[in-house]
Structure formats: C-alpha cells, structure tokens
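**Q** Just so you know, the protein sequences line up as chains A and Z, in that order. The opening residue of the first sequence carries number 222 in the working numbering; numbering runs sequentially from there. The opening residue of the second sequence carries number 2 in the working numbering; numbering runs sequentially from there.
The hints are simulated quantities; they were obtained by calculation from the structure and are not laboratory data. Here the structure is a predicted model, which means the values were calculated and not measured. From the three backbone atoms N, C-alpha and C, an ideal C-beta is built for every residue, glycine too. Please note that the accuracy of each hint is not assured.
Said to hold, decoys possible - Sample of chain Z residues facing chain A (criterion: CB under 8 Å; computed from the structure):
hint : residue
1    : Gly232
2    : Val314
3    : Ser346
4    : Ala351
5    : Asp377
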Amino acid sequence: MTKFEIRGVRADVLIGAEERQEILKGVDLTINSGETHAIMGPNGSGKSTLAYAIAGHPRYEITDGEVLLDGENVLEMSVDERARAGLFLAMQYPVEVPGVSMSNFLRSSVTAVRGEAPKLRTFSKELQEAMGNLSIDSSFASRGVNEGFSGGEKKRHEILQLELLKPRMAILDETDSGLDVDALKVVSAGINRARESGEVGVMLITHYTRILNYVQADHVHVFAGGRIAASGGPELADTLESEGYERFAKAAAK
Amino acid sequence: MASPNLGIREHSHGGEDVPISRLDVHGSFESASFPVPNGREEEWRFTPLRRLRGLHQGREIADGVVTVEVSGPDEAVVERVGRDDSRLGASFLPNDRVSALAWESFTDFNPATVVTVPKDTELAETVFVKITGTEYGDAYGHTVVRAEPHSAATVVLEYAGSAVYADNVEFVVEDGASLTVISLQDWNDDAVQVSHHYATVNRDARFRSFVITLGGDLVRLSPSVRYKGTGGDAELHGLYFTGKAQHHEHRSLIDHNESNTRSRVEYKGALSGEDAHAVWIGDVIIGEGTTGTDSYEHNRNLVLTDGTRVDSVPNLEIFTGEVEGAGHASASGRLDDIHLFYLQSRGVPADEARRLVIRGYFQELIGRIEVPELRDRIMDEVEEKLARHE
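Work out the full structure: start from the sequences and follow the hints.
**A** Structure below.
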C-alpha cells in the first residue's frame, strides 16, 4: 500500500534568468495505490506545472510545501532518485534525444529502476511483448529516443515505459491529447494493464473527458488558478462535460 | 614547373578575371604566388601560426617520414606515381600557400597515390589509404581518387602517427559516379596537419565526405567542392572532438558554379578541456547565372567544459535570384538540460544520462558511416577520449 501526498505545494515557472511566475498556489492532494485521480482543468490552470514540478523539471521550482511518497519527501531527491523511488511522469511532450537508441535507453532505465541489469534475452522478450501490446513496430527499438516520432508514437512509448518501469505512482500528463480514437484505445489499454496489479496510484491529467470512457477514475478534481477548485466522484466529469470549466475558472479568478 | 592543368580557368564562374567575391580566391601551383601569412588575413586569422611549425612558410626540407599503405578490393586500381604523371594536379588549383607548398614539396621518396575506380564498377569492399607519420618532421603528400563514370566506391583516408604534414587530395567523381570518402584524422598528440580536399563533382555524380578529426596538436582541413555539370550532389559531414590544447579547424567551400546542383554541409563537434579550440568556416557560393541550387549548411558545437573556444562562421554568397534553397545555421552550447531531465526522469543517474546524451550526439553522425568496423573504431576512440575528460 502506497500513499502519495501533495501538501501545500506552491511552484514557480522559471521564465528567464531573473524572471519567474507563480503557477501553483497551494495544492493539496492524496492518492493511494490502486486509486486513479483525474485532474481536469482549462489550459493554463497549472495542471502540467504540477506534473513537471513534482518530477523535478529544471524549468520549475517548488517554493513551498512537500510531496511525500510513503512519507519520504521526494522534493529532497534528485530527478533520477525520484524515479527510482517509484515516481513516473508520462509527459505531454516527450523529449527527443538524438542518437540514443530507444532500446539502449530503455535498458539503462529499467536497470536503474529495478536496481539490476535484466538478462539480455529476458529483457528483449519482455520489450518485444510490451511493444506488441501497444502496437509499436519493433523497428522503433533501434531508433533514437522519440526522434522523429509522431505525437501518437511518442505517447505510446511513454506508456511503454510506464509498463516496463512499474512505478508506485504514475502521473500521466495529457497522455490522451492528440490521439485518434484507435490510438486512445491502445494507450488506455496500456494504462489499465499497469493498473491491474492494484499497486500503482494514478494521477491522470487531462483536458477532455473522453479518456475517462476508457480509463475509469475513482476521483475527479477540477484544477483552476493553480489549485484544486473542486473534487468529487466520476459524476463531476459528467458535469464538466456538459457545463465546461467556466464556472471554476471564474471562481478561481476571484 | 609548368602548370599541368592549363585547361582550368583560375576561377570557374563569372568568366571575368577579377574575383566576383572575396570567397573566390585565385589559385596557383606556385607557393611564391601567395605571400607568407602573418595571421591577420581572413583565411588565417583563426589559425595559431606558430603551431604550424613552419608549414606555412616552407622550410624546403622534408625531414619527416610518412608511409602510405593502400588496401582494397582487386577491382580498384592503385598506383604510386611520380610528379610527372599527367593525372596529378589535373582537377584543382591550390587555393592557399600551404596547398601550393604541398604540391611543390611532395617527393619521389613519397610518391603520389592514385586510386582509380574503373568505369561501371561498384566496389563491394572499402579501399583504405593509411597515411602514417613514422618519423616526426616535415612531410608532404598527394593523393588522387578518381571514380570513373557510373562507378561506386567508398574510400577511407586514415591519418595516424606523428608528423608535420601537408597534402592535397583530389577527388574526381565522373558522370553518374558515386564516391564516399571517410577521412579520419587520428594523429598522435604532437602531429600538425594541413590538408586540402578538392572534389570535382561531374554531371549527376554523388560525392559524400565524412571528415572525422580526433587527434593531432593542430589539424586544419579544407574540403572544397566544385561542380562540372548539372545534377551533382555533394554532402559534407564532419565530426570533431577537440580536447585539451588541441586546435581543429575545418574550412569547407562549396562552389555552386553549375545549375541544378545540391549540397549539404553538416559539421558537428564537441570540445572539452582547457584551450580546446575548434574552428568551422563554411563558405557557400551560388554562382552567377545558375538556377536550381539547393544548399544548406549547419555547424553545431557541444561545449563540455570551461576554457574552450569555438569560432563558427557560415558564409553564404548568392549571385543569382534563381535558387531552390539556401540556408545556414550555427549553434554552440552545453548539454541540453531537457535531454538530461528526460533520461533522469526514467531513473537513469545524472552521470550516466550525461554519458548517453554525449554518445548520442556523436552516434548520430557516426551511425551514417557505412563501414561498420570503422564506425565501431571511431566510437571506441570517442569513448576513450571521453573517459579522459569525465
């Protein structure tokens, strides 16, 4: 049983050498393993900032509060330590790293997170199977990390990493954006496979409700103005679907 | 001696006697036609002249020993010939003093190497020309690689050992031929090299060059391309890893003197260590009256430590309005922290992420070399060099 707690987190985006802007204005949220929390909100509300700041992206800085994974403050850890502690971020815009082959990268990553190098033959079988499940052609393994991948291909590879790394806490930042229905189904099935064990907590950040048709959320939170403006069950998503974010955005602006 | 190539005009476009551009220098086979550089000239200002050990002056001695070994498939014709051979100097005119000195100074002790790929022949194996400095001192060389019509070949020039060395290399790619050249500068730390590559790309011919510079105290290499006929295609790829106190200078010149020709220049390098100095000068001329030129040049530098210096100067001169594409880019900087973040966010420790990104930077270019054993060797040497600086 894992408990992931965000307590009073405030964070800035670093714009230039001197310039910064506060985006998160006190976020509180607790996610237990086995639970899926959807974070929904309008563009610019700070959803992605929350994801990046927790993962330790160099353009963001948490100025106050703490983020605990089973009581350990992940903010005191380096980016790679956070990942090895069991935190995973599927990015909205996965980064292209030219010249580093996907298979090389995945092996390094799996070795680091599992604490030992997987046997080559076992790993290549595991990789092939995981890629097959996500309808990723095996030729991608020899290509550079995300290099020249389409938006949808990048998202599939993020979920591939989710399945291989088996984190305790997964933050999925707009994994559904830019996907057609077929790709959305494939990616959602991957997320559901990762959830099957019941040992992962999921923070599903999304702008649209459609992914919730494939990935059931236990809790839905509305994010506005850099904090959680409302929380509820799955029915809250339906309300958002029919009414939009306007009410929450206005309330947050006050 | 008399110029053996009277058939070549001193500059190949414009048709007038005055240079139409400052890039359009006159050439000569006589070193006396070029004043001794003093370091203030545009073409010499980045080169530390005293480290040339007299190569630019012409000491008229050749006290070094350089051996040349050639290996390759039987279909390739390899000859060592004296300077009276009419095929030497037939495709170029030295464009600076060191090039002219090298032409004047190579001797019958170290005769010129001529590699001919016969008409319609596609070489299944790579030709290796290995140039090794065995006794430190001044030495000069000359090499001609001729790919006859509709032939295809890959030729590796490999420089190693210790020398103070200047040479000219002529690449003649005849109609419809395809020539890939890999020039690997893998000298010992004390070597000095000034080389000129003169490529002539004939009608519908394809020339690809990979210049890989890792060793030496000072390497100054000037690859130039001119076209003789339409439809020619030239790609110049370069990779350098400039370490502590090394000077690596690459000066490419593409002269689009014919219509419907294409060129790509991509040089990338990494610098590491105090007083590592890399220079890239990328000159492209799109000649008067030409149409349909497609040209792009790009230089990238990865700066790994403090105390390094990069000079990156693209020059593009266009004398026609009928260009298909022309552009240039230059970027120098440190490792991208977003690349590192991505790898680290997957658990990869910071130092390993750094290693992966740096290797990826090299791998991207090395991966294009179609000679597997060379690819592995170059990557191993890059590894070795990285290990020294990590």
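**Q** So, as I understand it, the hint says Asp377 of chain Z touches chain A; can you test that by seeing if any CB pair is closer than 8 Å?
**A** violated (15 Å)
**Q** Does the CB of Gly232 of chain Z sit less than 8 Å away from some CB of chain A?
**A** violated (28 Å)
**Q** Have a go at the Ala351 of chain Z hint: is there a Cβ in chain A nearer than 8 Å to its own Cβ?
**A** holds (6 Å)
**Q** Under the criterion of a CB-CB separation shorter than 8 Å, is Val314 of chain Z in contact with chain A as hinted?
**A** Status violated, d = 24 Å.
**Q** Answer holds if the nearest beta-carbon of chain A is closer than 8 Å to that of Ser346 of chain Z; otherwise answer violated.
**A** Because about 5 Å separates Ser346 of chain Z from the closest Cβ in chain A, which is inside the 8 Å limit, the hint holds.
Of the hints listed earlier, those the structure fails to meet are numbers 1, 2, 5, in rising order.
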